[in-house]
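J.: Chain by chain, the residues run as shown.
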Amino acid sequence: MSLEAMLEMTAGGVAKIQLKGKLDAGTADDFQKRIEEAAGHKAQRIVLLMEGLTFMASAGLRTLIFAKQKMGATVDIYVIGAQTQVIETLEMTGLNHSVVIRDIYDPAEIEKV
Amino acid sequence: MERIDAHPTHLFKGHKIRPGKPYPFGATLVPGGVNFSIFSHHADYCVLLLFEKGAPEPYAVIPFRGMFSKVGTNEPEWADFRIGKVFTMTILDLDHENIEYGYRMDGSSYPRARHGEPGIYRFDPSQILMDPYAKSIGGRDAWGVVPDKSDPYQHRSRIVFDDFDWEGDRPPELPIEDLVIYEAHVRGFTRHASSGIKSSMAGTFTGLREKIPYLKELGINCIELMPIFEFDEFEHSKYDEASGKWVKMNYWGYSTVGFFAPKAGFAATGRVGDGTMVADELKTMIKELHRNDIEVILDVVFNHTAEGNEYGPIISYCGIDNPTYYMLTPEGYYYNFSGTGNTLNCNNPIVRNMVLDALRFWVAEYHIDGFRFDLASILSRDPFGAPMANPPLLEALAFDPVLGKCKLIAEAWDAGGLYQVGSFPAYGRWAEWNGKSRDTYRRFLKGDCGMAGAMSQIIQGSPNLYRGRGATASINFITCHDGFTLYDTVSYNNKHNSANLEDNRDGANDNNSWNCGWEGETEDPAINALRRRQIKNAVSMLMVSQGVPMILQGDEVGCTKYGNNNTYCHDNELNWLDWTLVEKNYDLFRFFKHIIALRHAHPILRNGCHLRNQDWKGTGYADITWHGTQAWHADWNGNVIAFMLNGSYVKEGYDEDDFIYVAMNMHWDALPFDMPMLPPEYQWLLSVNTSMPSPEDIFPPGQERILDNQQSMLVGGRSVAILLGRKK
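Residue numbers (the working numbering), protein chains in the order written: chain A, 916 to 1028; chain B, 18 to 745.
None of these hints come from the bench; they were simulated from the model. All values derive from a computational prediction rather than experimental measurement. Treat the hints with care, since some could be wrong.
[Said to hold, decoys possible] Pairs of lysine to any residue, SDA-like flavour, derived with a Cα cap of 25 Å: (1) K948(A) x D112(B); (2) K948(A) x L46(B); (3) K983(A) x E184(B); (4) K948(A) x D179(B); (5) K983(A) x E114(B); (6) K304(B) x V990(A); (7) K70(B) x S917(A); (8) K228(B) x K985(A); (9) K983(A) x H307(B); (10) K70(B) x I1002(A); (11) K985(A) x R187(B); (12) K304(B) x S917(A); (13) K937(A) x Y76(B); (14) K215(B) x Q1000(A).
Build out the structure end to end from the sequences listed, making use of the hints.
T.: Written as C-alpha cells, this is what we have:
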C-alpha cells in the first residue's frame, strides 16, 4: 500500500498531516513535500495523525528528522495515535525524545498558543 | 543542472547501467543509483545478483562482462565493467532500501577445491557470495530465529544510507589514562527478565541505551563491547531434542561474517529487516553514550572469519579470493593460528586495506572511540604465519590519520603460541591487555607468598614490560569475558564447564583462583563475608594501579557463572546479567561505585608516564615509595605490600594531589601497619578499609574520616586499606 499524506493548516498555525499506509523509501518524498508545504505556511506546530500508518521504515525516520531540522527547535512535532509498531520504531531509534507522542489529538494542548 | 553520471550508457534486460567507479569497494549510493565494486585477484567471471529483500531467487542477474545494449540505439554491445582486478558498475534507478545483492564468481583457469578437501582456490559459480564490504547483512535479522539452512544465500548484502543525524556528536577523546573500561556483551547486558527493559527491546542496543544511567552511576567512562559485527549465533549450534532447547549457540560472537555490518540481531529494529534502521539504532546508542561522556570501544575479530576451514561454508571471502583472504599452506590447507579453522591473511595488502577501511568506517560512520583486537598477535604474522619484525598492518593502524585519536588495544597473543605481552609492536600507539597483571593480581589476592615484587610492577603500570611506552600501554584487569567472573574467582578452585558439553576440557586451567574454603555456593556466612571482602580487595588493587583498569560486566554486583570459565556458547542465565543482584549485592555495587570515584578524584592514580621511584623534585618523598607493616621496609617475599604515592608528582609534577597510602594485607591475620610520616601540615584520612562492613568499608570522595591514630593502623586479614594524606 502506498502512502497518503494530506496537509491541513488550522487558523492558529498548526499543520496537521494525516498519514495512511506505509512510510518507506518509496513514499517518504510525499511526506517530505507536505513538511515543506507546512514550512511554507510558517507552521507553529506539526501534528502527524498516524492512526492509519501501518509501517515506518528508516526513510520515514529520516523524514521526521528532516522535519525537526526544517522547522527549527521551536516547532514541536506531535505524533498522534501511532500504532504500536511505529511507536516502537521511534523508541528504538531514540526519536521518541525528539517528538511528543500522544494517543489522541487534544486541541486544548496542541492548539494553545 | 543534471549530472551526466546520472544517465545510463548501457542497458541489460531493462536495467540502466554505467561503468562504475572502483573505489570505494562495496555498494555505494551515487546520484541516481548504486555503485557496485568488488575486488578479486583471480576471478575472471563475476555476476551481480539483485534480490527483493528476503526473496529466494534474484530478480536480476547482471554480468560484469558480456553483451549489453547501447542506450539510445539498443544495438548489442560487448561491455566490460572491470578496472584492473575490480569488477564495478553503477546501476541506476534502484529501490535501494528494498533490495539485497550478492555475487557469483569463477576463475576458469584455476583448479577448484572440492568441499572438505584442501585447495588454493574455492571458486564455485553455484554459490552466492556476500560482499566483504556490505554495510548491512540480512539473513539473521532477529536473534535466535532458526535459519533455513537450505537457503542458498544465508548472509545477504544490503545497502545503507549514511545520513544519520548525529546532532553535533563528537567522540569525547578522553585521555586513555583517565578511562575506566567496562567490558560488556550487548545481549547479555539487558536480556535477563529482571532488566526492566521491554521484552521487544531486551538484549539490544536500545536496551543498553536505556541502562546508561546505571553505567553513569557506576562511574565507568568507557564501555568495551564484545563483538558486534555481524556473526551467526547458529554457527556450530547444537539442539537438544530431549529438552527442546538450543544447548549451544555462538553467543559471544567471536566469528565474524562481515566486518562492516553491525549484528542485526543485536538491534531491536533488526527484525524489521531494514539494515539502515539497525545502523540508526546503534548510532543512537553511541550518541547517547557520548552525551554521557562514555566512550565506546569495539572488540574486533580480524584474526579469522566464520567460514571455518575446508569443511566450512562459502559465505564470501573464500569464494571471492581464497588465497588473498586466508593464510594457506602450499597444499591448500588453512593455517589455524586462531584455533577456529582459518586465519585471515592480514598482512596481504588487499586484506590489510580491508581491515583499515573497516576501522576507518567505524570511526567515521559510527563515531567509535577505539578498538580492542582479538588475538592481535595474528596481525603481526606474515602470509605464511611467521611473526614479522615490522608488521605493516600494525604500523598502518598506528599511523592512520582517521584512526589518529582512537584507542588501539591488543590482545597480545594468539592461539598459535605467539605471546607478545610487553613486546607487541606498538609504534607508540598500541596498548595491551596485560595478561600478566591478571595473573599477578589473582595470585596475590589469594595470598601466594613472594608476589609482592610482581605486584609492585603491576601497581606502577608494569614498567618492567612497558618501559618507554608509559603506564597507559597496560590495560589492567583481573577478569574479562574469558575465564571466571570475579565472584567465581573467589568461589571456585576449579572450572566447572560441563554445561559446555566438552567434558570439562575447554577453558583455561590456570585460573589462579581460590574458593575461600568451599567450592561454589555456600550458606556459610564467614565464607561469604570473606568472598565479598576479596571482591572489594580485588577492585581496590585494580583501581589504585597505574595504567588503565578494566572491569567485567556484572562483577560490580557479584555475578556468577557457577564456575564455568568459558561460557562462549550459552544464551541463557549464565551470560545474562541478573539485575536483581544490584539490590541483593548493593554493598558491592556501592563499593565499586566509590572506588571508581576515588580513582577519578585522584590524578596521582592515573599518571600517563611511569613513576620513577625518585624524589626528582626534591619534595622530601619519592613519587612512589614502598613499605610493609613497617614504614619504609617492604617485605618482597611475603603476602603484604604497602605503598605511598606523592601527590606532588601528578602528571610529571605539573599538578597537585593528596598523598595516597595503600596497605594490602593478604595475610590471613590482621596486621598493624605503620604509616610513613607526612609533612607536618598534612594528616591521614581513611578512605577505604575493606575489613569493615558496608558502609564503613569505603567513604566517598570528600567524606573521608580523619584517623585518630596518625602513626599506625590495624589492617584486617585479607584486607586493603587506602588512606589519603591531605593538608589540614
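J.: Please go over all the hints and tell whether each is borne out by the structure.
T.: Okay, the hints, checked on the actual structure:
A hinted pair counts as satisfied when its Cα atoms are at most 25 Å apart, and K948(A) with D112(B) qualifies at roughly 19 Å. Straight-line distance between C-alpha atoms of K948(A) and L46(B) comes to about 22 Å, which keeps the hinted pair within the 25 Å bound. As the CA atoms of K983(A) and E184(B) are separated by approximately 11 Å, the hinted pair is consistent with the 25 Å bound. Our distance criterion of 25 Å between C-alpha atoms is met by K948(A) and D179(B), whose separation comes to about 21 Å.
Note on K983(A) and E114(B): the hinted pairing holds, with a Cα-Cα distance of about 23 Å set against a maximum of 25 Å. For the hint linking K304(B) to V990(A), the alpha-carbon distance of about 23 Å falls within 25 Å, and the restraint holds. Note on K70(B) and S917(A): the hinted pairing holds, with a Cα-Cα distance of about 18 Å set against a maximum of 25 Å. Using a Cα cut-off of 25 Å, the hinted pair K228(B) and K985(A) is violated, with the two alpha carbons roughly 31 Å apart.
Of the supplied pair hints, the one linking K983(A) and H307(B) holds, its CA atoms being roughly 21 Å apart against a limit of 25 Å. At most 25 Å may separate the alpha-carbon atoms for a hinted pair to count; K70(B) and I1002(A) meet this at roughly 23 Å. Restraint check for K985(A) and R187(B): the C-alpha separation of about 22 Å stays at or below 25 Å, so the hint holds. Restraint check for K304(B) and S917(A): the C-alpha separation of about 33 Å exceeds 25 Å, so the hint is violated.
Between K937(A) and Y76(B), the direct Cα distance comes to roughly 23 Å. Compliance with the 25 Å bound is thereby established for this hinted pair. Restraint check for K215(B) and Q1000(A): the C-alpha separation of about 13 Å stays at or below 25 Å, so the hint holds.
Comparing the model with each earlier hint shows violations of hints 8 and 12; every other hint is respected.
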